[in-house]
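Asks: Heads up: the protein sequence lines correspond to chains A and B, in order.
Just so you know, we're using this note's numbering here: the first sequence kicks off at 2 and counts up by one.
Just so you know, we're using this note's numbering here: the second sequence kicks off at 409 and counts up by one.
Keep in mind the hints are simulated off the structure, nothing from the lab.
All residues carry an ideal CB built from backbone N, CA and C; glycine is no exception.
Possibly wrong hints are sitting among the right ones.
To be verified - Covered by chain B, according to a simulated footprint, are these stretches of chain A (three or more residues, beta-carbon under 8 angstroms):
{"hint": "1", "stretch": "43 to 54"}
{"hint": "2", "stretch": "317 to 324"}
As the list claims (entries may be wrong) - In silico BS3-like cross-links for lysine-lysine, where the CA-CA straight-line distance does not exceed 30 angstroms:
{"hint": "3", "chain 1": "B", "residue 1": "K1279", "chain 2": "B", "residue 2": "K1244"}
{"hint": "4", "chain 1": "B", "residue 1": "K887", "chain 2": "A", "residue 2": "K32"}
{"hint": "5", "chain 1": "A", "residue 1": "K439", "chain 2": "A", "residue 2": "K473"}
{"hint": "6", "chain 1": "A", "residue 1": "K24", "chain 2": "B", "residue 2": "K887"}
{"hint": "7", "chain 1": "B", "residue 1": "K754", "chain 2": "A", "residue 2": "K32"}
{"hint": "8", "chain 1": "B", "residue 1": "K499", "chain 2": "B", "residue 2": "K1258"}
{"hint": "9", "chain 1": "A", "residue 1": "K439", "chain 2": "A", "residue 2": "K494"}
{"hint": "10", "chain 1": "B", "residue 1": "K612", "chain 2": "B", "residue 2": "K505"}
{"hint": "11", "chain 1": "B", "residue 1": "K499", "chain 2": "B", "residue 2": "K808"}
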Amino acid sequence: MTTRLILTCLLLALLTGLTGCEKYLDDVSSKTLIQAENVRTVQELEILTTGAYSGIARNVAFSGNALAIGELFGDLVGINNANYRNNPGRSSRVYTYTHREEDYGFQAEFLQWSTFGLTNANNVLEILRSGQVQTPGEANPRLDIARQRDRFEGEARFVRAMCVFEQTRLLAYPWGHTPDNSQPGPIASFQSLAAFSDLAYPRLSVKVAYDSVLTDLRRAERLLPENYDPALHLPDYQPRANKYAALALMARVYAQQDNVDSCLAVCNRLLGAGSSYRFPLVAGNQMLAQLFQRSGITATTNSPTRDEVIFELVNVPGRNVQTNNAANLRVHYALQTPYTPAQLANVNTLTSGPNVRMSQWFKTLASFDRTRDLRYRTLIDTTQATTAATLWSSPNRLWFTRKWGTGTTAPASGVNTNVVQYRSAEFILLRAEMNARKSNTAAALSDLNAIRQRAGLPALTTAPADLAGEIKTERVRELVAEGQRTYDLKRRKEAIDPADRLLSPGNVDCAATGCIPVPWNSRFTVFLVPQTYLDRNPLAVQND
Amino acid sequence: MQITQAGGTPGGAVRINVRGVASINSNSQPLIVIDGVPVLSAAFGAGGVAMNPLAEINPNDIASMEILKDASASVLFGSRAANGVILITTKKGTSGKPKFDVSYEQGVSSATNRVDFVDNGADLLNIYKQSARNNTLSGLTPLAPNLRNLLPTGILQGTLAPGIDSQLADSTTLYNSRTNWLDQVLRQGRYRQASVSASVGGKKFSLYGSGSFRDEDGIVIGQSFQRVSGRLNASFTPVSWLQAGVNLSANGIDNQTVPLGRTYQSALSSSLPAYPVQLANGAFFNGIANGTNNTIGLGTNPVFYRNNYYNLAHTFRSTNTAFLQLKPVAGLTIRSEVGLDYQRTKNDELQNQTLFPAGINGAEQGGNGRAVNQVVTNQTVNFNNTVEYARTLGKNHSLKILAGNSTQSTLSSNANYITENVPDGASRGTDTARSVVFDRQLSFRFVSFFGRANYAYKDRYLAEVSLRTDGSSRFGPGKRWATFPSVSVGWVVSDEAFMQAIPAVNFLKLRASYGLTGNAEIGNFAWQRVFTYVGYNAAIYGGVQGGQFTSLGNQDLSWESTRQTNLGLDFRLLGNRISGTVDFYNKVSDGLLLDYSLGPLFGTINNVITINLGSVRNRGVEFSFNTRNIETKRFSWETNFNIARNENRVLSTYTASFLNSPFQFINGPNIATPGYPLGNYFMAQFAGFDPQTGNELFYERDRSVFANTGETVRTGNLWDGTVNNQAGNNNFIIQDRTPYPVFFGGLNNTFRFGPIDVSALIYFQQGNWIYDQGERAQSYPFTGQTLRRTIPGVGNVQAAVGQNDNAALNRLVWSSNARTIESTRFLHDGSFARLKNVQIGYTLPYEVAKKIRMRSLRIYATGQNLLTFTKFRGWDPEVFRNGGASDAQANLGPGLTNNDLPQVRTIVFGINFGF
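Construct the entire structure; sequences and hints are all you get.
Replies: Structure follows, in structure tokens:
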């Protein structure tokens, strides 16, 4: 009996001792790391959501590479700086269609940081789903999860949709490539990885990817507020997306699927019916300043008073801006230092300045009204030419877009600026295109004229014979260098002309394709999945 | 045991592998215990240089150093002893008259080797041009062979905007320069060290005190190291049943560094002999990174970098223990010990306005100078309590029982400020880029309970059983605790009656042991799924600091454990003239802790998930002999010889239903896959050059066999690596050429001629293969790349370009796609023998010393690494790969070298005297 008592006491002592030890070990905690299960407040969710935007806003993600790729595959730009060709890098391999030779290429830089935003978005969704953030009795609506929940979910779904859609456009054969769109799609995961075995999952098909993106966006449209409301939202919300950002992306998604009716419906929801647009176009002579030289949080992005910008990635000067001088966007487009006459003597051997300039092909396609069109006069720099008398159409007169900056390092020249993702002009033209295809000529003409008149051109009183063609041309003039060209050609199933690649020495810029037009669903405009990803996910397949 | 020093960095780390590497990611270094306190031995870096905890201790203070290799010896530290334990005991006061010792030594050091590079601008640029011409023949994009195409932007005059173009060099200068950048970055190192100690003791007390100073300049520009240290060991025995004592030590270290990547390694990669150090007008060439998109690479001129960069780490470390020991009744000892290890490093790193000008690319604020100021402290408290009872029963039985517990708790603080816009002379800038500050964060804790029982019969038959339970905060709930038992037996055969008939055997003991040990040397929070929202500037959006998904965490993470069987034999023969030990061991480590790299595409900042991957076995034999060959009054000769063989093999890795074969963990050109050693080479197989085009050919791997079994077999086809890098699908598990030696060992001979003694230690290893990544990079002409003079498969390229030897030069293709392929072309036999240490000393005979009132006097000269015999043509066959590299790189890439600094050759003169 005594022995047993002693043994019991000893055992009890041991157990209490061990419980104490467990507590002793539990005390260890980091002051710089937040454990997922300890996220309990609206502010912490705000931090994670900000992190999600910071990922997509990187200059190698949506503030750069994504916009550059959309043009580099296309026909509106040509090589300006010969070093870009002679020392091929990730980016120039996109232009020359040799990106499959580079394992960790220009698309991989994009994938890295967009996935980063995506993972944060997944985490926000999972934390919301777990119900671990509870704020009972919270009087301040800005900190009350019950009032904020929908908005968080909407934002996370919007960010996720944005990433998955762009990944799909980069890594997958386009919509329509197979009858059932079963071709492999994005590599994104829709759940936050939590265990080693989570690394293995198959690529979604393009069909499923588009379905998921649309599901996310439909939810986001319902959940997101119309604008920033200081009574309801913490200031962190100001530079983020509202429901119209979700609608704008949804319009692009339907367009990419060539779904005319849905695209039209969404454009109407976005712009409002008729010709007084919810996002009114800025004045033609203010386009450069008001669309492309904005910096920091601007009142018009997310307030009831709106202008043309529906959603932009916001850079606050002095706070880790993504449009610095070395940002891809500026390296590709911005003419920072004018050339000397000696350099301009031979415009094909320039070894400084931006990687690309507007192509000769663009000059022809756009066929600007050079006396009136403000897009030609204010958004394109045509001052650089071999001689003052060089004709506008000569290859010796160089065209540079001013959209992504000019000059040296002054903020007004493109450094520290915001990067517009969606502006209403794009969707007005998209609605015009869809209406034209449905033979709603009057509606199409009205939208087209809005864009023309803003640019200083006269309105067309009657629809031209080829209204659809006219809208396409207007789109080239309006959206050049904004990263949409390749996807416009793909969705319309049009081949990409080799354009100025034919002007390269020995045609080296299009040697890979044989210098013939690249079909809309060619492998030359579909990136490979980087090997580093395939090495870790044995269920993922490579594109053929 | 294999010990490798960091090549030539003062105070640099050492890698010590006790019985082979048994971990992948986790630290595979032994636990270092100083006077009973486990000390933090993780790299505590400043300026990217891993620090060595052993560098902080004054070698003259060490009384003994013991290495515990097998499980049974590790009960006191068992849970963390999987990699062995190094027990360091410092000196105690000795009874008798006070004793004083003084020592001083001074020496010089230099690199053990130099590799030859193409050493003048004209030859290098001509090789560049010839290789660019070869592009047409080889099938690559043709390229006009002019300097504009072949040099990086920001070198050649006329390529930048006029404002900064004047800082560039014209082509004449480039052709005529013959800058030897190695001469610019390497120098003769020197060091001096002085120490004094005093020791006194009596019946009731003993005291030992010491102080030392060391001053060292490394062999690379910008490196210097100073240490001042002091120690006081005291014990007090007021009554026979009570003893109390303290061991106190404090030292201060000033370590100045310039990252090797900006000095030595820059000289090996991007500093071309064609670049002048200074331009004709005295300005430093290519120094300024200008704020245009034509970024000029920083550090292309190491001299310029060193002149404008400053990094000083001041470390204060104090390791202290205090103990109280009671012996209330005979045989019973109760001991309580508390240890405090305090470490504080203040690190100021500065890039001045010249090096980091306003508007520089990469600036987080406006640039114009950048300062990183950091203060880190770690404070570890240990408690260790034991009760031991020893009793002899009758004449023959003796029994000893020990029970105890210990805890360890580490508190850390960190204050890290990064600022820009640093005024001249200031150490901190005015614009805050980012800061991380946390105070008194509990980093990790361990709790342990242990017990041990020893039994001996006639001191001839010995047995020991021990059990230990450990908990660590580094694992999640439910996975924290692990139990480590061990058992050992010994038999002193020479005490048996039947052995008396063999008088030649003076002593013979057989030993056997089996036990488990553990390893928890991973990140403190690796099991947790975590976000960070400070300190990572990149997560800012719209001016607001966001959070980043940092690590996935792994709730299933648990201890790595090692089962070790050891069979041993100790002997002394022929009147103790020959003695030695023989050991056989078999060590199987399970649940290997692995930081699995997720790569950049899974959306976390850490990019790793820590998992328990599989198991690895180390099996080997160790022989150690000590012979006293000649022993006369005037002359003696003693030989120590040891040789060991360790065989390392991965037994299993992660498997899952979706995997056709066990998971292969690949880290650069190394792989962990079952059936092969840890870090077996995994790379393309070089098949020679195409005789027509000079292109580089490689063997093709059978993809379907690989996909189904993970085995790598050849198809019989070759692929052209110059035109297209397909290495990703064509890497082979390299057979029979592993990074590990077949055997390694040392031979030490000591001779004494009266008062003069001479000793020489030769270290050797045989059969290991080295992969030289630096040589790979330096074998392909590419924009701004230095080239070795002798390139494998091509020969002396400098001679070839002088003689227009096109057969050789055709094998050099500009910007060849093969330049990034890790292949057997750069895999070399790394066997070597090295004269590690030679010492000649003179000890004043005792009688003479006494006359001049001295207890002892000795002068000596030592030479380290004086001679090396090897076929390896790279920098150094004694590869050290942990200068700031991760554990995985060090453990998995033991044979990898990439512009690592070679070991140093040192010549030292010293004097010791005591009175």
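Asks: Each hint: holds or not?
Replies: Now for the hints, and whether the structure bears them out:
1. 43 to 54: It holds: at least three residues are needed, and the stretch 43 to 54 of chain A offers 8 whose Cβ sits within less than 8 angstroms of chain B.
2. 317 to 324: Holds, because 4 residues of the stretch 317 to 324 of chain A bring their Cβ atoms closer than 8 angstroms to Cβ atoms of chain B.
3. B:K1279 to B:K1244: Given that 30 angstroms is the threshold and the Cα spacing comes to 17 angstroms, the pair holds.
4. B:K887 to A:K32: With a Cα-Cα distance of about 23 angstroms, the restraint between B:K887 and A:K32 holds, given a limit of 30 angstroms.
5. A:K439 to A:K473: 15 angstroms, holds
6. A:K24 to B:K887: 14 angstroms, holds
7. B:K754 to A:K32: 20 angstroms, holds
8. B:K499 to B:K1258: Given that 30 angstroms is the threshold and the Cα spacing comes to 24 angstroms, the pair holds.
9. A:K439 to A:K494: Holds. A:K439 to A:K494 sits at ~18 angstroms (cutoff 30 angstroms).
10. B:K612 to B:K505: 14 angstroms, holds
11. B:K499 to B:K808: This hinted pair holds, its Cα atoms lying about 27 angstroms apart.
Checked against the numbered hints above, the structure breaks none of them.
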